[in-house]
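Since the structure of chain Z is provided, determine the placement of chain A on it from the hints.
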Amino acid sequence: MLVERRPQKKVVWPGGARVALLMTVDFEAEEDLHSFPNGKINYQDFSARQYGGRSGIWRLLDIFDKHDIKATVFICGAAVENYPEASKAVKERGHDVAAHTYAHEYLWRLNEEEERRVYPKAFSAFERVLGERPYGWRSCFISDRSVALTLEHGYKWDSSLWNDDLPYVLEENGKKMVEIPFTINNDVSFLGEPVTSAYSTGKHGIVRDQDLAWRDEFDACYENGAATPTMQTICIHCYLTGRPGPSKALDDFLAYTKKFPGVWYARYTDVANWWLEKGY
Amino acid sequence: MNNKGTAPLGRGDPHVPLPVKNMVAKELRPRRTVEWPNKDRLAVVLTVDYHGGQAAPTHPTGQTDYLKASTYQFGPRRGVWHILEALDRYGIKATFNTCGATAEEYPETVTEIKKRGHELAGLTYLYENVWDMDRAQEKRVMEMALSAIEKVGGERPVGWRTPDSRISENTLQLLSEMGVVWDSSLLNDDLPYALEFDQKVVVEIPFSGLLNDMNFYGFPYPLSLPRDVMTAWQDEFEVLYRESQDHCQMFVLCIHPFLMGRPAQLQAFDKFLAWMSKFEGLWFARCSDVARWWTEHEYWI
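Which chain is which? The protein sequence lines are Z and A, in order. Per the working numbering, the very first residue in the first sequence carries number 84; after that it's consecutive. Per the working numbering, the very first residue in the second sequence carries number 1281; after that it's consecutive.
Some hints here could point you the wrong way.
Listing some non-contacts, in silico: residues in chain A with all C-beta distances to chain Z over 12 Å [unchecked claim]:
| hint | residue |
| --- | --- |
| 1 | 1308 |
| 2 | 1336 |
| 3 | 1365 |
| 4 | 1433 |
| 5 | 1447 |
| 6 | 1504 |
| 7 | 1550 |
| 8 | 1561 |
| 9 | 1576 |
Just so you have them, the derived chain Z footprint on chain A, three or more residues with Cβ under 8 Å [stated by the list, open to error]:
| hint | segment |
| --- | --- |
| 10 | 1296-1302 |
| 11 | 1311-1319 |
| 12 | 1465-1472 |
| 13 | 1491-1500 |
| 14 | 1506-1515 |
Don't read these hints as lab results, they were simulated from the structure. Being a predicted model, the structure only gives us computed values, none of them experimental. Glycine included, every Cβ here is placed at the ideal spot set by N, Cα and C.
Next comes chain Z alone, as it looks inside the complex (with noise of 0.2 Å):
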């Protein structure tokens, strides 16, 4: 039986930080695909997506890099096995290494046995490429028991649900996991995917109307961060921000948010590892 333990006492960040800003982006390139009803691949999509893996992905590392901050990047396990070069860079350049899946999988539309499958494809991907196995994961469409199939294959810290402010912490069996919640304040939610989905029109957003979302958001969080710390989580997505409009609606965003003393930049490891940790 799956138990969450919020946390028990006042949560602090290192340093008394406000904020803890946590940048992340998926890294899917061509897996996360939507496809005409009859099964046929819908190229629009497809080809807009691996723009990701291309060249979105190397975009972003430079901005990072620019901005001397560390991200968590979420990487499909069939993006691994395809764009290794991309991903080895990623961890070289000292981003937390997560996994996204092995193929962007609906867990919802799969079997308990189908759903077991993907984690050691996943595995075996981190493995071989990246020389070992990933200790994070996030699905964005999770079924009933993903959750806790994901605490039993040993991950230390999860990012698959969008209903909390702050982490929580989830155990079973004795083993412990640290739920790290995430938000619809995603690029795709303001940008829009590249054809018609289930949450997507398939038009495009503004780009400058992104980063004042960003910043609409930082700034709320900042200011709430006075009483009681708080966490902001900006997903993007290589297809999406990688491009260079969208790029520079991060950069900018990125270079507000230095002007503010007390902004912890923080990686899903360094926010799972403070909150077991400090015991929450």
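Only chain A this time, still in chain Z's reference frame:
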């Protein structure tokens, strides 16, 4: 911006997955530093997807949806003429990917496009969903499209774009068989790359949804404000221009006469063209200019 990738060209990954699954072809990615003519740093490729709604959209009952059909018709009736004037104001030569049926129904627009020095390329015949066709059907569409433009414009096109980038797994190979030397359907890269089919090379000139006016002004609603769209295009241009200091880059726009030819949209676009024209080192190229340069210099060697 200092690019720390292993190469400024393909950004470090020499072997990336093919643009089309199960494609029997080799992708030839750039392996040397790319230079544009006259030491220009940024290739600006203005493409116009020109159709007039000949494949009339229909209501579920089968009757013509005149809201959409007549919106598209604005393109050949008015929009394309306004755009031709704007391009002349800035001396820009563009590439008009034109539906075969549109060429046949509005031949004087095709004559004018050609007269003013722009390139005519294929955009299927009736904006067909080629992704849902078999090889023979798609080949027939290509032949009808290329022949129609040849008949009206006097010259067989050497370039192609697939509607909405929705290629089939046969599209690119078919193009190579039909003597087409460049394709601009895919959205997956910053710079061109070549695809080799049985010793025939097709140069792919990728573009993006972000620089496509259909994603801002097209159906479904809501519409975006022209001033907002132009700031988005300025942002895209600025970053590519900045990057072009280290390594040549490419800026490919896609506009539609039925959208960009409207007054407010075109006025904002005109201001954008004026703003862009002030930058130094721009090579305003048609797609065949880029393809010719690329194959002459064999950047994949």
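Tested hints:
no. : hint      : in the structure
1   : 1308      : 14 Å, holds
2   : 1336      : 21 Å, holds
3   : 1365      : 27 Å, holds
4   : 1433      : 27 Å, holds
5   : 1447      : 5 Å, violated
6   : 1504      : 6 Å, violated
7   : 1550      : 20 Å, holds
8   : 1561      : 17 Å, holds
9   : 1576      : 24 Å, holds
10  : 1296-1302 : holds (count 5)
11  : 1311-1319 : violated (count 0)
12  : 1465-1472 : holds (count 6)
13  : 1491-1500 : holds (count 4)
14  : 1506-1515 : holds (count 6)
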